[in-house]
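From first to last, the protein sequence lines are chains A and B.
Heads up: the first sequence begins at -6 in the working numbering, then just goes up one per residue.
Heads up: the second sequence begins at 160 in the working numbering, then just goes up one per residue.
No lab work stands behind these hints: they were computed from the structure.
There may be inaccurate statements among the hints.
[Stated by the list, open to error] Residues from chain A shown here face chain B by an in silico Cβ test under 10 Å; the list is partial:
| # | residue |
| --- | --- |
| 1 | Met(-6) |
| 2 | Ala21 |
| 3 | Glu28 |
[As the list claims (entries may be wrong)] Here are the simulated lysine-lysine pairs, BS3-like style, with alpha carbons at most 30 Å apart:
| # | chain 1 | residue 1 | chain 2 | residue 2 |
| --- | --- | --- | --- | --- |
| 4 | B | Lys886 | B | Lys865 |
| 5 | A | Lys58 | B | Lys438 |
| 6 | B | Lys438 | A | Lys40 |
| 7 | A | Lys58 | B | Lys865 |
| 8 | B | Lys286 | B | Lys184 |
| 9 | A | Lys40 | A | Lys58 |
| 10 | B | Lys718 | B | Lys314 |
| 11 | B | Lys1054 | B | Lys886 |
[Stated by the list, open to error] Partial selection, computed: residues in chain A whose CB lies under 7 Å from chain B:
| # | residue |
| --- | --- |
| 12 | Pro0 |
| 13 | Cys2 |
| 14 | Leu22 |
| 15 | Ala24 |
| 16 | Leu33 |
| 17 | Leu59 |
| 18 | His60 |
| 19 | Thr65 |
| 20 | Val71 |
| 21 | Ser72 |
It should be emphasised that the depicted structure is a prediction, and the values quoted were computed from it without experimental measurement.
Cβ atoms here follow ideal geometry from the backbone N, Cα and C, with glycine treated the same way.
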Amino acid sequence: MQLIACPHCGPRAQAEFEFDRAVDSVLALDASPAEAVTRLYERENPKGWSWELWRHSAGCGVFLKLHRHTVTHEIAEVSRLDAAP
Amino acid sequence: MTGSRTGQGGIIDRSRTIRFTFDGKLYHGHPGDTLASALLAEGLVLFGRSFKYHRPRGVMSAGVEEPNALVGVGIGGRFEPNTRATDLFIYEGLVAESQNRWPSLSFDLGAVIGLFGRFVPAGFYYKAFLGKPGLWTFYEHFIRRAAGLGRPPVKPDPDHYEHRAAFCDVLVVGAGPAGLSAALSASAAGERVMLVEQDIAVGGGLHRESEDIEGLPGQAWIAQALTTLTGRGVSMLTRTTAIGYWDHDMVTLAQKLVEPGQVPEDGQVAQRLWRVRAKRVVLATGAIERPLPFANNDRPGVMLAQAVRTYVNRFGVVPGARAVVATCNDDAYRTAFALADAGCEVVAILDSRSESPSEIVKAAAARFNVQFDAQVLEARGGPGGLTGLAARLGGQPLSLSCDLLAVSGGVSPVAHLHMQAGGTLNWNETTGTFAPDVPRQNQVTVGAAAGGAEGNSSALGLTAPTGVDARHSFVDFQNDVTLADIDLAWQEGYRSVEHVKRYTTLGMATDQGKTSNIVGLARLAALEGRPVPQVGLTTFRPPYTPVTLGLLAGHATGKHLAVVRRPPLYDLHLEQQPLWLPSGHWMRPRAYPRGDETLHSAAMREARTVRQAVGWVDVSTLGKFEIAGPDAAAFLERVCATTVARLAQGRGRYTFMLREDGIVMDDGTVWRIGPERYLLTSSTGGADRMAHHLAYVRQVLAPELKVAIANVQEHWAGIAVAGPKAKTLLARMVPDPGIPRHMSLARSKIAGVPVLILAASYSGERAFEIYAAGTDIIPVWQALVAQGADLGGSAYGLEALEILRIEKGHVVVGGEIDGRATPHDLRLHRMLNPAAPFIGAPALQRPALQSSAGRLRMVGLESDSPIPEGSMLVSTMPGTPQGHVTGAGQRVLQKGHVALGFLRDGDERLGEQLMAWSPTRNASARVTIVDPVFYDPEGRRYRD
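Extracted from the complex, chain B is given alone in its bound form (with noise of 0.2 Å):
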């Protein structure tokens, strides 16, 4: 095969060239040519080796469905494998390469297994390995090495890609005829219309035809239908496609404003993501033409007839010189007119009907060779071209020699979107077509798309000439799935299409088998007896054609990735450089270390200050709600497995909240803060899912307390003060009246902040939180360091909290209170309110919830070396777990190391000698069950 461009005609720019490379080797095209149309017109035939066999491929088709010519293009991290040669439309500096072939395109090594390997049949890597492992740890180096299709980049994507929404009355999606008629008549009756293309140009197939429309030639009916529909101002977009139909009419576009691997000019995005809601959806996505089945109809040469006629009339490119036209309907006749106009010698129309009596074949047959009831059954030829054919005709063999095969088997209405949203497909049993049926959304098909292009097919297509090569034959291009692999697959007795589908891989190649999927469903159909619905559809999953994943991601990547919430205390402790613990949005300093401090070593001392002097840590992030009104009290009693109604003013306790299936939810503390007026919190983690659980609570289980929830978290910044010395401290600043006894609050002012002091212990020590309004909290902070120096204070982290806490026996949300423990398995039964008027009493009554038998129940564990993080709980190792640890850490004051855990019946288990065991860490431990609380079990340090 020859290319070469024709001297006028098209929609290109002759009047300006375009040089790009492909494979390092320089070539010349113009403004308008697809990767593919200029390198065909510079007649060049090999694009690349296909994906499971390496065998020589060319171009196949004119648009996004090809299977065959997939390109690197790009540079560094703008490096985009698979895209497909036809629809990369060239500029400047374009750097191409072709994929799976080593070391060069035109003399590969992989293809030596198409050569002299028998081929990989359906299910090969199943039944090779299976059950042989050894073998797969063998091969598997090889096989990876010639597995893949192209390359990933190697660097980030450094272009910007944004999203964006839009309204609209009527979605219009494609703009050939169809989709242009659409949007003028409904622009005229005064609707709101977005029009888009994934084409650069509007017009569509108008572009590949000769012939008038409505009187005007194609291009001049495309610019009157611009000219009116700019005029009554419809958006419309270009080289963007409509990749997803979504609930509720809301569909997805993909709007390129630079081609893959192009550099956008400076600031401007690479690519934007619409999401579009509109009333109505029109879809005029138009029919993409489908090859024919016989042996090596992959080779570089045969193309699809109506691709060749765009190649011939929109880019002015012939694609061969001696060409051959094989067709089961009229349309592809119209391209052996296109091909002989364009100087190309037509050969023969090989026609696999018996007659045919319209007006375009018999004008054909006047002017060409004509055959009927012809089938072609081999295509000769390799990577530089095809050199013949070998056809059946009436019976009898006859061969031709041809640079170029033109094929037609007839055509697939595109109802990718339609069958998205929802929608049903009719199958045509004498064009072989599906086109779409009943609409689930608000959108109507019109034009090729919905079956006004089944003139152009005959199911006859579908069918394989009796005794054809079917090993060589193939079905979907792109991952080299032949008529043999279909037939094996149902030999092996695959049946379901979604099997089929999914054990020879026919349509799963990044192409969705646009052009295969029809074509093996009506092998499978023959195999079966059955008619081609009763074998079923895989399902049409978005995107219609590959995206890439920076267009999804937008601008939510590095560090946009995810929000990032600062306390207000955060400058404060920036100055510090202390080690961060992301703890959800919230950054929260982890430990301060000093000089060479690990993280270990920082927090031990700050847990010793704590238990020594005194030490302030931020808590700002807690979960904070206030609850007020006549029916505070009774709301809470509904949130709080604890008594919360005989709390006097000025008091707090601990509490905590049960999911509805009786499992602890989270904890806090609640405070009755005013005589209506109350403070509960909850955990950071867990604040966002407790202003949900609280909304829920007063909307839908008692709408009839009158009652209002603030959720406070933000408004009240916080700073826990522990330690022996917390109170001296606090002196310093506060008049001794203002200093409230534990669990008491007061109202005062610290460095002129009016502040919140509540008593409560976490730590275990005498402490003291202290809330003021947001950033109003900073002064008190900065007073704390300065009056807290020549005690001995100083700040600390989230890492020695986890010390403390644990060494006291304080649970904690995600940790011990892990979505799967009751108030039995915590211990914290005792403190359930015996009215049970809240939410989870009824699922706790269960008895299995009751009943401690065989429950994993919270313990603690001691040991005189490290306890592993994670680790679980064996008699021997190794041995069934009977539990497993959820905190540990070393002891602050003394020698020693303690975890809590739970363990299967462990409140009956004290003092049993376990091992503490993570096979993961390689680390163990000899442990012994004990009580929960290590340190001060009487709560003698934080009463006074």
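Just chain A, same shape as in the assembly (with noise of 0.2 Å):
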């Protein structure tokens, strides 16, 4: 089981966080609907490093964005969205 450092809860089992998506298949509210097309069907899943979006939902309710190795689980950053990129 994946141990996630949340930046406000420390680090937690990974049963306490629930993945929502790649980061780049987050769509725009105003995005057009080709945009939607290639966001929510033709994405990436990269085997290798990705940027996820997971949330402490068991937690604080945030959601993060994680820098994680699809393959071997590695975490390399765990950040806030509002966090200077």
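Since each chain sits alone in its own frame, please combine them into the complex, following the hints.
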């Protein structure tokens, strides 16, 4: 079980979190229909490092951005969405 | 083979005797004995029959890798099949039985297959029954009788299993010399250490050897280490197996607090599953010896050399009187010395190497008949034990008589956890071993598991002698896979090791090929003419050793399997003894039958009550969210696909929400309960999804909006009061100005309880939803019962609600909102917000979702006879489905039956006649396609 370092709550077990989506499949409200197709259906699904959205559902409830390796499950970075890039 | 107990030595307590039974016969052993050691000491040779050929099998090993001596243990619900006799420590009252034999172990009819029949080759079932279905039908009965490993328990397991979490700096797996040393040095550095050992005692291989370690006898060294570790507060768990190495250095441990089949003391748990998160993991898991490939190498009396030494030195059991040692390495020579010192005659040492310069071999040559270039071709014997063997000595045949054959084909480091953690292996061509190479997590492998015992191994042990009878040379003993099976798979074109594994079942037994995988791989590599690493390895999967399902389930069984959520009115419902319907985790009344009413008749009566008088239903479980802040309306316009911004204070509206792909996700109502404050409802089952969705919109899509969301699903308990007399009933409890108009709200008091009244209708009648804080709702329900009785009112359940909403043509999440339907499909598109600021709007503009052609559209269905639920819509029976029924019911006040469903291009096919056909229910009905609102289409009944 993965260990995710929540910036608010500290390191917590994966069971407290929900995977939401890859960051590249976030669809802006004013997106075009073509962009909706790209974001929703033509995704990267990388074998390797990926930016993902997770939510600490059973904790602070906050959405977090994870830089995670989809093969080794290494987590290089966990940040708040409003953190400076 | 006649085993016997030595007078001294080992770590068994000869002063005490334990009585147990095996196949109904009484035996004796000592504390510290395994079932295998105790039975060997009693002279037992035959322990069971093999899986496929029912060949006689004895004990091969002295550990968890045992493929042969599998027994059933325990009584009733505590019965556990396929327990390794070598991994089962005896206790008073132990009841064990042999497996795969009928009618008895010594006379087994199934063995006829092995004696007279041709061996069942690899892929037998695929070939024999391919394209001949009738043949399988005929033989299935016999094959099912013969198949299977052990028998399952027939009663529920009465024991408790517990889950526990732990954290440490260093987790050391395995308490042999390497593991103990690692724990000593880590604890000396002040680290928080956990040490786990699958055996009942720490010490590992030291119990097998007679050599000193660091100038001390093995047992003294162990005692000293234990004292030091205890003094430093190291947490030590014995009889605890690390079964899985998971992500981010989490290791699961299976701790046996009692032996399989043993009754725990009152109130105590039988086993405990630990989830340990360690900063660092030291894997000191040792190595497992491999057998040698030759004909009849599975006969009782053929044992691994290290196992023989373990029985002599640890258990004080000499498993034979005349022994031959067959080896490819130096280590097995120790077994010859141990046997001879214990009084067993060592007939010969057969070494497949041409020479060895080591001291122990020289010493052995001086004492025993040591032969080089010697390979065993065949073991001789049967269920009664071994009688001798045939070998080849430098090209010359040799025959020896013996009752014990100790074999060593080298060792395989136990790299299972290292591999589960994502590590890689390194192949040593000389020793024929895979040892851990690159770790992926914070793991380090030490001792024999790291290849530290490679000196005890040689790749020679992996090669079968030329001319050996491959059909009787076993590789995987538990699954009865022979060299010939691997050869056959290769001849038939199987090249991938994963395919060969599945075709032959090599390594797929409960021992997961601990003794067999490398031998099988070497055979495949030889056939391919490629080095072993290029042939590849199969995946190492948890658990390392078999675990009972009860351990994995823990306390999550029976009524503890899942939480039960009871709405605040649960106790009042319970008094009425309703039929319950679990809705998600919620318990909701389905109907309140009176007398001998059935579900259907009760629901129809309740529905008539609503249509003719007044009924009340518990709607506490609906999803409810309060949305507040200056941008609350703007936020809701993003979540809801309908217009919200112009909603006046005190008013409400039906709404629905879309997923990002334009499909309808949920529906409910939205109410403006304050200037900048809204209440949004959703379906019961969709409430958790909606909570996540709202959080996503607020945090990710529209973080600039000033809005706060509170999930108030459990804060507000609710009752819907519906029927032509609903207003009359409410007027008895609420002063007139307090009764809101349709789609308006009011705050008032009922039975002294502050309530929020929302006038909205799901049933199609004049209706009010009354909300109060949690259990405060109880007096409101009681008031309704008291005041509503003389109006002919009664409570109604979900079944009546379903009948009412179908007749009214209202959609439901999970019915018509099925995760595939667009607003157009559900005929909701006229309500869409034309400004389209909402989620799902971009995807909804796609042509495929805009055009109706070919899509399933919601329709109503009418019939004179009952319309089967879940049936398909066809022109003729049988026929190609053109749609399906989502919900069906009887009309409440009129004759006839109605249903909602989806039909391809259905909105253009009104008036058409089709069949609703359910082949699974063997039912059908002739239906007419109509508009889906069957009752009061003008909506006169719920308005004032």
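| task | Please verify that hint: Cys2 of chain A, Cβ, nearest Cβ of chain B, below 7 Å or not. | result | The hint is violated - Cys2 of chain A has no Cβ within 7 Å of chain B, the shortest such distance being about 15 Å.
| Cut-off 7 Å, beta-carbon criterion: hint that Ala24 of chain A touches chain B | Holds, about 4 Å.
| query | Has the given pair, Lys1054 of chain B with Lys886 of chain B, been kept, meaning a C-alpha gap of at most 30 Å? | reply | holds, 28 Å
| task | Go through the hint on Met(-6) of chain A and say holds or violated, using the shortest Cβ distance to chain B against 10 Å. | result | holds, 5 Å
| Given hint Lys438 of chain B paired with Lys58 of chain A - CA-CA distance at most 30 Å | holds, 24 Å
| task | Report holds or violated for the interface hint on Glu28 of chain A, using the least CB-CB distance to chain B and a cut-off of 10 Å. | result | Holds, because the Cβ-Cβ distance from Glu28 of chain A to chain B comes to roughly 7 Å (cut-off 10 Å).
| query | Has the given pair, Lys58 of chain A with Lys865 of chain B, been kept, meaning a C-alpha gap of at most 30 Å? | reply | Holds, because 22 Å separates the two Cα atoms, which is no more than 30 Å.
| field | Agreement of Lys40 of chain A and Lys58 of chain A with the hint, judged by alpha carbon distance not exceeding 30 Å | value | Distance of about 18 Å is within 30 Å: holds.
| Straight-line Cα separation of Lys438 of chain B and Lys40 of chain A no greater than 30 Å? | Cα-Cα ~27 Å, so holds.
| task | With chain B as the partner, please determine if Val71 of chain A meets the hint condition of a C-beta pair closer than 7 Å. | result | violated, 13 Å
| query | Given Ser72 of chain A as an interface hint, is the shortest Cβ-Cβ distance to chain B below 7 Å? | reply | violated, 13 Å
| request: Go through the hint on Pro0 of chain A and say holds or violated, using the shortest Cβ distance to chain B against 7 Å. | output: Not OK, violated: Pro0 of chain A not within 7 Å of chain B, min 14 Å.
Hints 4, 8, 12, 13, 17, 18, 20 and 21, counting from the list given before, are not met by this structure.
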